[in-house]
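A.B. asks: These are the residues of each chain, in order.
Protein chains: 2
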Amino acid sequence: MVVGVVGLGLIGGSLALALRRAGHIVIGKNRSAGAIEYALSHGVIDRASDDLSECEAVFVALPPRATTEYICTAPFKRGAAVADICGVKAVIEREVLARRPNLCYVGTHPMAGKEVSGVENACADLFDRASMVITSNARTDGRAYETIVGLVKDMGFLRLVECSAEEHDKKIAYTSQLAHIVSNCYVKDGQIDGCLGFTGGSFQDMTRIAGVDENVWTELYLANADNLAGNIKLLAAHLCETAAAIERGDAEALRSLLRAGRERFEDGKSNSFQGERIRTTLLK
Amino acid sequence: MVVGVVGLGLIGGSLALALRRAGHIVIGKNRSAGAIEYALSHGVIDRASDDLSECEAVFVALPPRATTEYICTAPFKRGAAVADICGVKAVIEREVLARRPNLCYVGTHPMAGKEVSGVENACADLFDRASMVITSNARTDGRAYETIVGLVKDMGFLRLVECSAEEHDKKIAYTSQLAHIVSNCYVKDGQIDGCLGFTGGSFQDMTRIAGVDENVWTELYLANADNLAGNIKLLAAHLCETAAAIERGDAEALRSLLRAGRERFEDGKSNSFQGERIRTTLLK
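Note that the protein sequences, when read in sequence, are chains A and B.
Following my numbering from start to finish, the first sequence increments by one per residue and tops out at 463.
Following my numbering from start to finish, the second sequence increments by one per residue and tops out at 463.
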């Protein structure tokens with residue numbers, strides 16, 4: 180299949196590599212010439228073009244606003260499946276449905292990434308064993324949906340998660356956006372100066388994603404503001420509750436708070452129930 | 180050298196394995212017979228004994244209160260270097276100095292661990308490339324100190340960090356204890372149910388240590404309450420500040436908060452200055 184990829188960054192580049200690995204022909208499009216040159220000389224794409232109207236499927240791997248703008252205005256082949264890969268889904272789906280209701284749009288969100296960006300960090304196996312969330316609604320075109328599901332399988336994903344854009348945004352505010360906020364806030368403590376030598380895996384895990392791009396993530400957070408603000412405030416409340424027990428020197432209360440977290444964690448790990456509105460399929 | 184290890188859990192077992200790997204003879208002591216049997220049959224220790232008074236150095240790898248109790252009451256060889264490995268140092272040092280002022284005590288805290296416990300998870304290379312913090316004070320015995328430093332080198336540590344017990348506790352509240360509290364609080368959100376398929380590396384990193392033992396950690400947190408409560412409240416304040424910008428839909432404020440975090444993180448990574456009171460040495 181001839182597949183277009185718009186935006187050759189870490190994710191776009193990795194999608195392109197994974198699609199090529201599966202035997203598809205990938206046409207890349209990118210604003211800056213540097214990424215195109217790199218992608219061509221490193222076999223990330225088969226060729227470059229600004230016109231993707233010959234592609235049967237197109238993945239748009241741009242920040243949210245640029246994604247919506249591109250999807251709503253670019254020329255596509257009639258019936259082509261057009262997917263975005265943004266970390267928020269409802270805001271994009273809403274605008275695409277309103278402005279271009281006949282487009283065969285499908286929302287996707289690959290559950291993989293790195294703390295670095297750029298096509299030079301892309302790799303063909305970034306999505307191997309990862310989950311892909313696909314969002315749809317009552318008006319989603321069935322054929323386009325199946326096209327995207329087929330490509331997702333080809334790219335090496337382990338798990339397909341199907342739900343509405345709204346369900347996606349609720350879950351992702353907690354599992355991903357909150358984690359990025361915590362990491363970013365964690366490093367704003369004067370004790371970070373000179374803490375080399377006092378850091379083990381827990382500190383490294385906690386701060387790994389503290390330095391992600393503030394422009395992209397500002398867009399993502401604001402496009403999911405209600406869900407995310409709720410998650411942040413709940414976490415802050417749990418932190419303050421724990422701090423209060425520590426300040427009081429209340430061993431019993433502290434132990435019971437910690438136990439509650441541990442048990443919740445253990446339940447959460449063993450609980451694969453996702454409700455009626457989320458369907459999960461293992462792809463291999 | 181004949182070295183004793185008291186408490187054959189993950190850390191004690193790994194110390195024993197690393198010491199044996201370096202050619203030392205290790206005598207193990209443990210309350211439960213199961214861990215002793217395992218340690219003997221898997222080559223973790225050379226032999227088991229309740230009496231460690233022939234050892235020239237002893238590592239006590241028990242929870243804080245049990246550690247203090249053991250160090251203050253057990254029979255040791257005259258002049259033997261006695262080290263604990265607890266995650267808090269001032270509370271132990273204070274009590275040992277008060278109750279057994281002539282003991283050659285040295286505080287250590289290996290900056291390595293796992294989210295699992297028990298001697299069966301111990302490994303000889305747990306400390307390879309890790310940092311070891313050693314704490315001392317004006318009354319610390321110089322020969323015992325050098326004995327422990329020598330053993331630390333032998334065990335494969337990459338970096339030696341020398342400071343007072345109080346400096347250690349300040350740094351560790353931030354780099355380790357706060358991370359464990361955050362992880363424990365992070366999982367107390369209803370969205371954790373059914374989030375399988377929506378989790379990438381960031382969620383896994385954030386929650387990896389959510390389930391550590393509440394008994395051990397209650398002791399550790401309360402023994403460092405002032406430092407830790409301050410760090411938790413500061414983080415909660417930064418979270419709330421971020422949530423407020425998100426709720427207001429204030430892109431400029433949010434972007435600037437995120438930028439401040441990213442820059443702090445980048446500065447922190449490149450900043451190896453540890454002040455006059457902390458000395459860091461690369462061991463290889």
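Simulated from the structure, these hints should not be mistaken for laboratory data.
Keep in mind that a hint or two might mislead.
No copy labels: a pair is met if it fits in one copy or bridges any two.
Said to hold, decoys possible - Simulated crosslink set (EDC-like; lysine to aspartate or glutamate; CA at most 16 Å straight-line):
1. Lys412 to Asp368
2. Lys463 to Asp368
3. Lys412 to Asp225
4. Lys463 to Glu274
5. Lys256 to Asp446
6. Lys332 to Asp225
7. Lys293 to Glu431
8. Lys293 to Asp368
9. Lys256 to Asp229
10. Lys332 to Asp304
A.B. asks: Enumerate the violated hints, using their earlier numbering and listing them in ascending order.
C.D. replies: Hint check: 2, 3, 4, 5, 6, 7 and 8 fail, others pass.
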